[in-house]
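Undergrad: Let the sequences and hints guide you as you build the complete structure.
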Amino acid sequence: MMQKKTVKNKNTFKTLKRLLKYVTSTYKLQFVVVCISIIVSAIASVLGVQFIKYLIDDIITPLIGNGNPDYSNLLQAIIVMAVIYILGIIGTYLYNRLMINISQGVLKRIRTEMFHHMQTLPIKYFDSHPHGETMSTYTNDVDTLRQMISQSIPQVFSCVISMIAILFAMFATDIYMTLFVLVMITIMVFVSRFFAKRSSKNFIAQQKNLSIVDRLYRRNDGRAKSC
Amino acid sequence: MIKKLSKFIKEYKKDSILTPIFVIFEVIMEVVIPYLMAKIIDVGVQNGDLNYIFKIGAILVVSAFLSLAFGMLSGRFAAKASSGFAKNLRKGMFYNIQNYSFTNIDKFSTSSLVTRLTTDVTNVQMAFQMIIRILVRAPIMLIFALAMAFSINSNLAWIFVVTMPILAVALYFISIKAHPYFEKVFKKYDVLNRVVGENLNAIRVVKAYNREEYEEKKFEDVNSKVYDLFKKAEKIVAFNSPAMQLTIYTCILLLSWIGAKMIIGGTMQAGELSSIITYAWQILSSLMMLSFVFVMVIIAQSSAERIVEVLDEESTIKNKENPVMKVKDGSIKFENVSFQYDDAKAEDELPLEDINIDIKSGETIGIIGATGSSKSTIVNLIPRLYDVTKGSIKVGGVDVRDYDIETLRNEVAVVLQKNVLFSGTIKENLKWGNKEASDEELVRVCKLAQADGFIQEFPDKYDTILDQGGTNVSGGQKQRLCIARALLKKPKILILDDSTSAVDTKTDALIRKAFREEIPNTTKIIIAQRITSVEDADRIVVLDDGKINGIGTSEELLETNEIYKEVYESQKKGDEDDAEENGKE
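Protein chains in written order, with our numbering: chain R, 1 to 227; chain Z, 1 to 585.
If you're looking for bench data, these hints aren't it; they were derived computationally from the structure. Note that the coordinates shown come from a computational prediction; the quantities given were computed from them, not determined experimentally. Each residue gets a CB set at the ideal place from its N, CA and C atoms; glycine is no exception. Any given hint could turn out to be false.
No more than 30 Å apart at the CA atoms, straight line, and that leaves these computed lysine-lysine pairs for BS3-like [claimed, not checked]:
| # | chain 1 | residue 1 | chain 2 | residue 2 |
| --- | --- | --- | --- | --- |
| 1 | R | K28 | Z | K10 |
| 2 | Z | K91 | Z | K187 |
| 3 | Z | K91 | Z | K427 |
| 4 | Z | K390 | Z | K435 |
| 5 | Z | K4 | Z | K188 |
| 6 | R | K28 | Z | K231 |
| 7 | Z | K231 | R | K108 |
| 8 | Z | K326 | Z | K360 |
| 9 | R | K108 | Z | K217 |
| 10 | R | K14 | Z | K490 |
| 11 | R | K108 | Z | K427 |
Pairwise CB distance ranges (calculated) [said to hold, decoys possible]:
| # | chain 1 | residue 1 | chain 2 | residue 2 | range |
| --- | --- | --- | --- | --- | --- |
| 12 | R | I79 | Z | W158 | 45 to 53 Å |
| 13 | R | H116 | Z | A208 | 40 to 48 Å |
| 14 | R | Q151 | Z | K4 | 24 to 32 Å |
| 15 | Z | K320 | R | M148 | 46 to 54 Å |
| 16 | R | T12 | Z | F173 | 36 to 44 Å |
| 17 | R | T12 | Z | F65 | 53 to 61 Å |
| 18 | R | Q151 | Z | S154 | 36 to 44 Å |
TA: Okay, here's the thing in structure tokens:
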């Protein structure tokens, strides 16, 4: 049992690596641009939070009580921030847009290779695998992949960047507090991992069942015509 | 459309209602936590009251865990509700499809029905899950954050009220533009499915003729189209997040500029500005979530429409009110019958034109004609697989359209040219004809169909497992099993549509002999290419281009009918060599 589990985990990892290779190798340049855009977008949003602190402490506070305040510093700060935000927005658009090229391109390639490979398989394969199962790989499974590539991967990447940036900011504020938060987070991760495991198991079962529906339907269609 | 679909929530109503309730609890907890934190800092720390800090701190920890628990519960119920909903949808569609006539199925195409049952339902399922979770969570968060912002400084909060509608309009335009592309994507998905399905079904032919490259090109065409359309649709949707960010960043900059002036002017506290911006971020994150749901809903909308089409489709062949529940006998009468397929153009030739035949109960009728002479079409009309366009068909003296469909089809058994066997044992397959049939009956009909012999030779006999599509029995054996299956229904009318084509002439003759002797009261219609299969029928109908060219016994036709005579002579000549070859099978 234990052994089986590790093998499965290894396979998941292998599959993921293979998938990532598709993503990175087909569109190398675009992928690099996507990474940079995500970093820009994430940093812009983290800087946004820091900006308020800086604005209040360093710009607004000195001016309080000043009868004839000089707004030029405030204006300058806001313009700088606006530029950073615009860069962030451009970054967001760029990675969203390029990710479409990448995800759709990868999906197209996967479908092509799958079909190509299917043509080379021996008849025995088609006798032993229900047609419904094969058909649902082209639609359902590829569709799930689409979500993974175009949403999950950039999301994970963007979150990691934000996390690193936020961690830096937190450590700069208070080391012990940050450590405490990290311990709490670890506990939370364990709890949610427990649940995630269960849900992924159900998810696989669902994908399987869908192919059965498909099969049932084709079977039934046949029946309708023969009676 | 939503009303129609929501009917399918059925027994999962409880879960569908519990989900948003737990989401609300989760949001409340999330809102309470910063409030408690503020209490600790403002009251506890400032007064140096340790007791108070511990008390509120404990509540804080409990709230955090409750929030986590509520979040998980809502997730669980959402998953259950949405997959249950999807299950009911599939069931509803599947049941309705069972009522479809051939005309309905032709309209959708099989592959499209498959996509609708799988991909489209999955899309709707995911959207449903999003709606009952995120679509509840985000607006509540939004309203709460807005309310808090107003309570802090109503002048500043008006900035949100002005900018949000602009964003809403932008999102609306994005969805309006993207929706038609998604619609097209799913249509292309149908084609993709069809190409794959065809390839799978015909894989033997593809390999035998080395047509892999051609098939790949065909696939590549659809594949590229799916790719193009999907890209076009997603390109529009890609404006979603930037539009969102533009709005919120504009808000923050405006807040900073106006807020800073207010603080300096002494009308606002610095702390208030930072909390109002915190709420701005909360509003941003709920809007982000909303836009995410938005995309899913755009996609799901096209899918939902496609599902509703399947659910709404009414069978073109329906029971009349007070249908006739009993078929008197096996007599069949064609009166001026003409037939045209639904999708045919006006100038197309009629597949069947002005057919008049009177068949007595128990008679054996042979139908012969060149390919494309509508031999199969004529028999498809008897069990109402299609309805006649003009004229009428009477079975047992009653128009077929007046019968209860199930009653009629139970009495009319058709063995098709392309036979279908299912994976499972031989016994299971035969019992499709009649669930309650006893083992003795199974053997009896198999003897009639000359199938008992080869079944007994299998090591597992009637429990032999057939592969999908019956690939582990020969074509002739498959045909004989299908005949046995039809006989098990004990029909009043038995139609064999070229269903002994792979059986050797000797066995074919034995089957017909058994029919004559064992089921004399059943009307038998035999469609064949081989003249020997119909030669000994009571009467033979010669079809030519959808019209009757001649009716009569073999002897009569040989005298009077040119077509029959020609076929007869050409086949009889080669038959001697054929018989020898076939006999070896």
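Undergrad: Is the straight-line distance between the alpha-carbon of K14(R) and that of K490(Z) 30 Å or less?
TA: With a Cα-Cα distance of about 57 Å, the restraint between K14(R) and K490(Z) is violated, given a limit of 30 Å.
Undergrad: Just to be sure I understand the hint, the distance between the Cβ atoms of Q151(R) and K4(Z) should be within 24 to 32 Å; is that true here?
TA: At 29 Å between Cβs, range holds.
Undergrad: Run the distance test for K91(Z) versus K187(Z): straight-line Cα separation, threshold 30 Å.
TA: OK: K91(Z) and K187(Z) at ~22 Å, within 30 Å.
Undergrad: Falls inside 53 to 61 Å, the C-beta gap from T12(R) to F65(Z)?
TA: Taking Cβ atoms as reference, T12(R) and F65(Z) lie about 31 Å apart, which means the hint is violated.
Undergrad: With respect to the beta-carbon atoms only, verify the hint that Q151(R) and S154(Z) lie 36 to 44 Å apart.
TA: The hinted range 36 to 44 Å holds for Q151(R) and S154(Z), with Cβ atoms some 38 Å apart.
Undergrad: Is the straight-line distance between the alpha-carbon of K326(Z) and that of K360(Z) 30 Å or less?
TA: Holds: K326(Z) and K360(Z) sit about 18 Å apart, inside 30 Å.
Undergrad: Holds or violated: K4(Z) with K188(Z), Cα cutoff 30 Å?
TA: Holds: K4(Z) and K188(Z) sit about 25 Å apart, inside 30 Å.
Undergrad: Straight-line Cα separation of K28(R) and K10(Z) no greater than 30 Å?
TA: violated, 49 Å
Undergrad: So the hint says 45 to 53 Å: do the beta-carbon atoms of I79(R) and W158(Z) match that?
TA: Cβ of I79(R) to Cβ of W158(Z): about 24 Å, so the range 45 to 53 Å is violated.
Undergrad: Taken at face value, is the distance from the CA of K427(Z) to the CA of K108(R) at most 30 Å?
TA: Not satisfied, since the Cα-Cα distance of roughly 44 Å exceeds 30 Å.
Undergrad: Okay, K320(Z) versus M148(R) on CB: inside 46 to 54 Å?
TA: holds, 52 Å
Undergrad: Between the beta carbons of H116(R) and A208(Z), is the distance compatible with 40 to 48 Å?
TA: violated, 19 Å
Violated hints, listed in ascending order, are 1, 4, 10, 11, 12, 13, 17; each of the other numbered hints is respected by the structure.
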